[in-house]
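The whole structure should be built from the sequences, with the hints applied where relevant.
There are 2 protein chains.
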Amino acid sequence: MKLGQATIKDIAKELNVSSSTVSRALKDYPGISDETKRKVKELADKLNYRPNAVALSLRKSKSFTIGVIIPEVVHFFFSTVISGIEEIAFANGYNVILCQTNERLDREKSSIETMLSNQIDGLLVSYSKETTDFEHFSKLMKLEFPIVFFDRLPDLPNSINVTVNDYDGAYQAVTHLISQGYKKIVHLAGPKNLTISKKRREGYIQALEDAGISVNENLIVECPSGTEKESFDVTIKLFEDVDNRPDAIFAHHDIVGAGAMMALKSIGLKIPEDVGVVGYSNWQFSSMIDPPLSTVSQPGFNIGEKATTMLLDMINNKNDYKKEPVHVVLDTELLVRKSSVRL
Amino acid sequence: MKLGQATIKDIAKELNVSSSTVSRALKDYPGISDETKRKVKELADKLNYRPNAVALSLRKSKSFTIGVIIPEVVHFFFSTVISGIEEIAFANGYNVILCQTNERLDREKSSIETMLSNQIDGLLVSYSKETTDFEHFSKLMKLEFPIVFFDRLPDLPNSINVTVNDYDGAYQAVTHLISQGYKKIVHLAGPKNLTISKKRREGYIQALEDAGISVNENLIVECPSGTEKESFDVTIKLFEDVDNRPDAIFAHHDIVGAGAMMALKSIGLKIPEDVGVVGYSNWQFSSMIDPPLSTVSQPGFNIGEKATTMLLDMINNKNDYKKEPVHVVLDTELLVRKSSVRL
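The listed protein sequences correspond, in order, to chains A and B.
The C-terminal position of the first sequence is numbered 368 in my numbering, with every residue numbered one higher than the one before it.
The C-terminal position of the second sequence is numbered 368 in my numbering, with every residue numbered one higher than the one before it.
Quick caveat, the hints were computed from the structure, so don't treat them as lab data.
Check each hint, because a few of them may be wrong.
[What the hints assert, rightly or not] Label pairs and their calculated CB-CB ranges:
no., chain 1, residue 1, chain 2, residue 2, range
1, A, Asn183, B, Ser45, 28 to 34 Å
2, B, Gly56, A, Glu298, 54 to 60 Å
3, B, Asn341, A, Asn183, 54 to 60 Å
4, B, Glu67, A, Leu168, 49 to 55 Å
5, B, Asn241, A, Lys208, 54 to 60 Å
6, A, Lys38, B, Ser44, 36 to 42 Å
7, B, Leu368, A, Phe159, 54 to 60 Å
8, A, Val361, B, Val42, 53 to 59 Å
[Claimed, not checked] From chain B, some residues computed to sit far from chain A (all C-beta separations above 12 Å):
no., residue
9, Thr157
10, Leu168
11, Ile280
12, Lys290
13, Asn342
All C-beta atoms, glycine included, are put in the ideal place defined by N, C-alpha and C.
Written out as structure tokens, the structure reads:
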């Protein structure tokens, strides 16, 4: 057996397991033990087994299908991105398949393998909150497999990205709160490993500094899971000390903002009179709650359109994005509603 | 050339188009003219070209991937179903790919073709509002390709289905409104071709009849698109005649209910004092709006779990569902909140 010609069957035979187990172990599928995965991968390395991704990059025929990896389909922002993606894809004769990672790295990896085995022509990715190592993307990019990242900016030197100006969105939101006379502004922040969270935090800090308000680190509280319940609990705690209460909240997304509003109401505080609240992402419900929640609107549909246009150009070699990194940044818009207006 | 051995290339040559055009025409992909599609399909029929689906049904190896076809990912109900699907799929070593149809039949058809070319092992389907002919499903079922339908019940003799008891959910909601002293109850209904809409309408009618209230067809108004704006406009119209106003609304889902609430507020009517409102599906926002919206909760997660368990059994031949139709019906639960309580 020559190197480079090892098959899944060879590996299976050597390890005395089924071909299906080998195939699934190589793809990091769930349901296979870590021990088996390790053994299979070691032998595959030793035998120089050529993995799918390489085979794929050598493949000539197109499937006219693009894959989309998103953290959560229920997130309103992502659903608007998907609409933008589909608009461009369908208009160009491409179909779209989606996988959600539920913010988990293992699911992200196995979703990518699933999509690659399914012969997609390119990939649009918003990676999971757990992803800090981007090796599973960079190895594909080295093989010139078309990938465009959206919303969440990876720590990769040559990635093609479409994001929104999260820094500016946060800066505008906090500057607006200050203009309404709020002074002690809490930031209910997102997880630190996401660039979007960092940028929103930076925008919050810069807006305070530009207004001459000193930054109090105790007022920046992480809400990593982003559920209503989490921000409810965090808010109750922040407002415990009756003599020393904050007077505004800038939440890293609307669900977090809504949870905070429920907490404020539960302790008898009035919005916006006592406490002003601004969210982020303009979820569908945000204009329907009481009072309607001010928020930063991200151009989800445009992100999807732009990212897909770039991906199709890469797939069809219309543009040589490989030469230099391309980073498209789209503007956000502050939507002022009742929750933050008291003047 | 023998019959049954025609290839895509043969068809392409005969029609003087590219193989890619033939392939996409056969798959009903967008971006190919109807005229070309017709020509390609006619010749494929004539030459007895064996389509993908047949080839697939003859295929032995598994992909450990299941496909899910849903109308809209943003719909909170469907996102809970997806969570249930993924729970069972991942636990059994399967991955999940999703396609959304945006309630369009053409996208449904091309999504199915995409997924089949991608060698899924089985399909979970909630079909689009436009789908009235189920031929594209029945031809797969004849080939014994595993399909389980959820939420929306197809008009097919041997389908395997998991639905909720929509009739009973509606019956409970309307009975609750009557028990709160509401008498002139509007039904903002869903599109007529969906079984779920029919069942909810039947539940509404039966609840009125059982309470001795005669059914007024003018109070049943269709909101086919299901947007807030649509139900806002419909509600304004229904309440135009000040001397003859309804006193309650049973909406076929929560977005419709929320639109109606905004309309009622805009004309100065109080909820629940003047008008009671009950929605359907328990969207994420429903407990956050003012007043919180009473609604019928569907067990989305359980539907996803049950449908996936049945599909995996079919894929692995553990159960012979082919022998007789199987229809699992799960119970709904009425969640009473402030929007419908006035006693």
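- Task: Would you pick out the hints that fail for this structure and give their numbers low to high?
- Result: Those not satisfied are hints 3, 4, 11 and 12.
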